[in-house]
Amino acid sequence: MTETSAGRTAGTATETKKFNIDTVENAARTPDVELPWAELGLKQNEFDEVVKVLGRRPTGAELAMYSVMWSEHCSYKSSKNHLRQFGDKVTDEMKKDMLVGIGENAGVTNLGDGWAVTFKIESHNSPSFVEPYQGAATGIGGIVRDIISMGARPVAVMDPLRFGAIDHPDTARVMHGAVAGIGGYGNSLGLPNIGGEMVFDSVYQGNPLVNALAVGVMRHEDIRLANASGKGNKVVLFGARTGGDGIGGASVLASESFDDSKPSKRPAVQVGDPFAEKVLIECCLELFKGSLVEGIQDLGAAGISCATSELASNGDGGMEVELTSVLLRDPTLTPGEILMSESQERMMAVVTPENIAAFEAVMDKWAVEYSWLGEVTDTGRLIITWEGEVIVDVDPRTVAHDGPVYDRPYARPEWQDAVQADAFTGSVQDAGRPSAPAELAAAITELVASPNMCSKSWITNQYDRYVGGNTAMAFPDDAGVVRVDEETGLGVALATDANGRYTYLDPYHGAQLALAEAYRNVATSGAVPMAVSDCLNFGSPEDPDVMWQLAEAIRGLSDACMVLGIPVTGGNVSLYNQTGTTPIHPSPVVAVLGKFDDVARRTPSGWKEDGQAIYLLGTTAAELDGSEWSNMRGHLGGLPPKVDLAAERELGEILINASRDGMVDSAHDLSEGGLAAALVESSLRYGVGARIALQDVLDRDGVDLFTALFSETQGRAIVAVPRSEEIRFKDMCTARGFAHLRIGVVDAEGGTLEINGVETMNLDALREAHEATLPKYFG
Amino acid sequence: MTELPLIGEAVAVAAHGSDIRQLTGAKIGVVTFPGTLDDRDAVRAVRLAGATPVALWHADTTLGDVDAVVIPGGFSYGDYLRAGAISRFAPLMSKIIDAANSDARLPVLGICNGFQILTESHLLPGSMIKNDHLKFMCRDQVLRVENNTTAWTGDYAAGQEITVPLKNQDGQYIADEKTLDALEAEGRVVFRYVGWNPNGSRRDIAGIANAAGNVVGLMPHPEHAVEAGFGPEDGSGTEGLGFFTSVLNKIVGDNK
Chain A
1 MTETSAGRTA
11 GTATETKKFN
21 IDTVENAART
31 PDVELPWAEL
41 GLKQNEFDEV
51 VKVLGRRPTG
61 AELAMYSVMW
71 SEHCSYKSSK
81 NHLRQFGDKV
91 TDEMKKDMLV
101 GIGENAGVTN
111 LGDGWAVTFK
121 IESHNSPSFV
131 EPYQGAATGI
141 GGIVRDIISM
151 GARPVAVMDP
161 LRFGAIDHPD
171 TARVMHGAVA
181 GIGGYGNSLG
191 LPNIGGEMVF
201 DSVYQGNPLV
211 NALAVGVMRH
221 EDIRLANASG
231 KGNKVVLFGA
241 RTGGDGIGGA
251 SVLASESFDD
261 SKPSKRPAVQ
271 VGDPFAEKVL
281 IECCLELFKG
291 SLVEGIQDLG
301 AAGISCATSE
311 LASNGDGGME
321 VELTSVLLRD
331 PTLTPGEILM
341 SESQERMMAV
351 VTPENIAAFE
361 AVMDKWAVEY
371 SWLGEVTDTG
381 RLIITWEGEV
391 IVDVDPRTVA
401 HDGPVYDRPY
411 ARPEWQDAVQ
421 ADAFTGSVQD
431 AGRPSAPAEL
441 AAAITELVAS
451 PNMCSKSWIT
461 NQYDRYVGGN
471 TAMAFPDDAG
481 VVRVDEETGL
491 GVALATDANG
501 RYTYLDPYHG
511 AQLALAEAYR
521 NVATSGAVPM
531 AVSDCLNFGS
541 PEDPDVMWQL
551 AEAIRGLSDA
561 CMVLGIPVTG
571 GNVSLYNQTG
581 TTPIHPSPVV
591 AVLGKFDDVA
601 RRTPSGWKED
611 GQAIYLLGTT
621 AAELDGSEWS
631 NMRGHLGGLP
641 PKVDLAAERE
651 LGEILINASR
661 DGMVDSAHDL
671 SEGGLAAALV
681 ESSLRYGVGA
691 RIALQDVLDR
701 DGVDLFTALF
711 SETQGRAIVA
721 VPRSEEIRFK
731 DMCTARGFAH
741 LRIGVVDAEG
751 GTLEINGVET
761 MNLDALREAH
771 EATLPKYFG
Chain D
1 MTELPLIGEA
11 VAVAAHGSDI
21 RQLTGAKIGV
31 VTFPGTLDDR
41 DAVRAVRLAG
51 ATPVALWHAD
61 TTLGDVDAVV
71 IPGGFSYGDY
81 LRAGAISRFA
91 PLMSKIIDAA
101 NSDARLPVLG
111 ICNGFQILTE
121 SHLLPGSMIK
131 NDHLKFMCRD
141 QVLRVENNTT
151 AWTGDYAAGQ
161 EITVPLKNQD
171 GQYIADEKTL
181 DALEAEGRVV
191 FRYVGWNPNG
201 SRRDIAGIAN
211 AAGNVVGLMP
221 HPEHAVEAGF
231 GPEDGSGTEG
241 LGFFTSVLNK
251 IVGDNK
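Chains A and D are the protein sequences, given in the same order.
If you're matching positions, the first sequence starts at 1 in our numbering and goes up one per residue.
If you're matching positions, the second sequence starts at 1 in our numbering and goes up one per residue.
Hints may contain errors.
As the list claims (entries may be wrong) - Pair by pair, the computed Cβ-Cβ distance ranges are: (1) D597(A) <-> G159(D): 39 to 47 angstroms; (2) D764(A) <-> R203(D): 27 to 35 angstroms; (3) S94(D) <-> E749(A): 57 to 65 angstroms; (4) H122(D) <-> K231(A): 50 to 58 angstroms; (5) A157(D) <-> A600(A): 23 to 31 angstroms; (6) N101(D) <-> G750(A): 52 to 60 angstroms; (7) N756(A) <-> D234(D): 26 to 34 angstroms; (8) A157(D) <-> E439(A): 50 to 58 angstroms; (9) K642(A) <-> R82(D): 53 to 61 angstroms; (10) S94(D) <-> K365(A): 15 to 23 angstroms.
Claimed, not checked - Simulated coverage check for chain D against chain A, where a stretch passes if three residues somewhere in it have a Cβ under 8 angstroms from a Cβ of chain A: (11) 39–48; (12) 128–137; (13) 214–228.
If you are wondering where the hints come from, they were derived from the structure by calculation, not from laboratory data.
Glycine included, C-beta positions come from ideal geometry on N, C-alpha and C.
Based on the sequences and whatever the hints tell you, model everything.
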């Protein structure tokens with residue numbers, strides 16, 4: 001019944017093709033041949049460097065490899081000099097749980113009891129604008145393969161999404177496609193989707209951000225790395241066949257071919273096959289279980305070029321591969337195209353000769369196609385042949401690691417001062433600030449129905465959050481929580497956050513605010529924050545303004561990681577996110593991973609029990625610049641909320657201890673939308689209201705009721721405390737010197753949210769407003 | 001037969017199984033196809049109910065000595081062609097069909113994709129098409145147990161309402177009117193959606209049984225509602241466990 005199951009051996013894959021093969025010998029003989037390096041995205045100085053490295057002009061196939069591997073996406077050439085700070089600003093204390101750091105497919109963190117966790121966040125932005133369904137779907141596929149490559153079983157995914165204006169005609173196209181793609185692919189893999197973000201802003205209109213996070217778990221002994229060691233070990237490519245999808249610039253190399261009957265309309269965006277990926281996951285885990293692979297690498301950006309050069313340069317340094325052995329779904333592909341194809345659901349592994357039979361048995365069991373491409377050598381050269389003729393002969397390090405590195409010029413934009421001087425308070429948009437009880441109730445309702453603050457259930461209901469049976473918490477709670485060990489309840493929590501408006505106003509502090517919020521979300525759930533992964537979405541690095549934003553954000557983020565004591569273990573940089581010369585808001589999306597000794601201790605974001613005391617932790621200042629309220633009124637200027645990482649750490653410890661010792665039944669962090677949003681969300685979570693009085697807050701902090709409700713001052717949370725725990729909880733806050741005020745009680749009877757000075761709000765009406773927004777625009 | 005789920009629970013299956021066997025001696029097989037997703041969840045449900053889970057592989061040619069079989073959810077063969085259409089041809093399916101139709105009446109439960117496989121195999125009538133709203137839907141769903149005399153529902157009261165997760169893309173149950181009338185008349189509608197019909201299923205049907213009551217299929221997922229804190233937030237969160245204890249009681253009762 002599985003006609004596609006037969007594994008193929010070398011040499012049978014490709015029909016003999018009439019290519020004008022540009023061999024290494026030919027390249028040496030014909031130094032003056034014009035090559036399309038500019039069309040492939042290389043700059044003059046980069047091409048010159050390739051020639052210098054090789055001591056001759058590159059062959060067409062070599063040019064294909066260098067051009068993709070030296071691209072911004074693969075080489076981090078603009079950001080590398082700045083990213084070093086993530087590795088430099090690390091203390092020994094921060095390293096103690098890091099089993100694998102930056103540079104591998106994903107970082108690995110020790111969870112204890114012999115368990116390890118690996119997670120990473122990546123972007124798939126431009127493909128998701130061109131073809132939202134496949135772009136988003138293959139974003140999930142790629143990040144999941146990164147996790148498998150580490151030897152882990154993937155256990156959950158998350159998706160931070162940023163789209164254009166909610167009412168722009170093109171937004172629905174991108175939104176529908178991306179959400180369906182994430183669901184269609186992720187749901188088919190059996191990975192629960194446990195959270196994410198959704199932001200609408202016109203700056204993302206022509207450049208949506210579709211980021212994807214995956215997390216996996218493994219036993220320590222199962223950790224695998226991408227390297228090819230051991231002379232004589234075999235190199236195998238397995239999974240889906242290699243096709244013409246996802247070949248960007250490589251088509252300019254089509255002049256290699258005499259055959260002009262090629263399929264002409266191939267998608268530049270890769271096409272995903274989730275079933276193939278699911279089978280690949282199980283198949284890889286079975287390989288790991290049997291210790292059948294020495295090294296493994298997924299094929300993502302730059303396909304075989306990346307996999308061969310990275311495996312070889314991370315190992316003993318040499319590899320020989322016969323390219324005609326690659327199984328193709330389009331037999332007209334040229335060598336350069338095969339090297340660059342980004343066809344999905346493929347993996348490359350290194351297998352000892354003794355394990356070949358066992359490896360093939362696993363492939364046959366899962367009906368996965370494979371082909372043996374060559375073997376590991378100790379020559380220090382990556383040699384790729386086409387029917388025995390050498391078309392690539394390079395030092396793999398020069399392809400994978402020694403790409404160009406740029407110190408791009410950067411400078412604080414001239415407009416930054418003017419933007420920062422334009423505070424919301426007193427601005428034109430601030431006219432008619434609500435103050436009467438009815439106005440405030442209307443304002444709160446408007447806030448929770450606004451595009452960025454409304455219920456995301458229209459999206460999350462399209463994702464499977466149950467599969468695996470280990471999801472302890474998911475959206476809309478502050479963090480997603482997954483159990484790792486059924487015996488002990490050991491588990492992890494994850495949250496992702498970013499605020500492009502804050503980062504636009506002040507990139508250094510804006511990036512820190514993203515980290516602070518993700519950290520706070522994880523701590524609010526009750527987990528101990530352990531590690532960071534970041535996806536840095538920015539505009540063009542060739543624009544000094546943008547480059548300054550990127551440099552400042554990285555500096556801010558790495559400084560803040562030091563203060564919070566959690567290391568960056570991996571991530572991704574996505575540049576050139578702009579439409580014409582207009583860049584997106586700088587959007588560093590930060591994911592924080594935390595640990596639970598027992599996920600049963602998790603704290604949900606909503607209250608349930610009548611009469612429990614509601615406390616506000618932290619103080620409130622008048623910080624409306626960059627807030628959701630100012631955004632709703634069309635204003636963006638001033639300075640983002642103040643960062644106080646010491647306070648975040650203190651608050652985190654209070655929330656973690658409260659969870660561990662059973663002192664709180666619910667906790668919700670205050671972030672976008674401030675106290676107003678948090679009170680509504682905690683009430684709607686289980687449909688249980690509250691009676692709130694904020695006079696003590698107003699008196700203590702010297703703010704008015706509107707500010708208390710809508711300010712986005714950081715380092716705050718609301719918690720519901722059982723009466724029996726109140727004294728103990730207050731004593732803990734007092735002992736730690738952390739501001740806390742009792743602001744009300746849970747009211748399970750009224751079905752309303754009552755706030756003194758605000759007209760009483762009916763929960764049903766609030767829910768209707770909260771949930772109606774996405775269906776109104778997206779059906 | 002020799003296949004065990006990979007990583008993590010694989011060890012747990014064997015370790016737990018040996019203890020619990022002494023309790024009941026009942027062995028419940030859980031079938032894995034390429035693309036099956038909820039097999040480990042079904043194994044866990046069987047274990048929590050007190051039976052011994054036995055991992056079955058679609059290419060196996062014997063059922064061994066299992067006392068019942070669960071065909072779990074997922075996207076077997078990617079749902080390509082049509083959900084369940086390829087899986088029905090698996091070697092193990094012919095054994096399951098024979099055992100279900102034999103005098104021994106092997107209890108078989110098909111959940112979601114498993115239900116689709118059972119209709120494709122003609123063990124159950126009708127079919128599933130795309131949800132009427134055309135989207136994948138994941139939610140906590142209230143069901144009414146219409147028939148508590150099947151092999152898989154004996155521990156429920158007739159008319160009892162339970163909350164279990166629902167998650168699918170192709171969950172709209174359809175059949176011709178004559179078949180639907182016959183199912184109703186024979187009491188073979190086992191579960192009905194309550195409150196809201198989440199996919200446009202005919203007559204709010206969530207699950208059905210064969211005439212003998214040993215084969216049951218449903219779209220919602222009882223195996224995701226077996227452990228407090230990891231299932232639906234409404235109700236106890238464990239209202240799906242009854243499926244597995246029901247069949248266990250049936251097996252133990254039959255063996256007395």
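Hints the structure violates: just list their numbers, smallest first.
-> none
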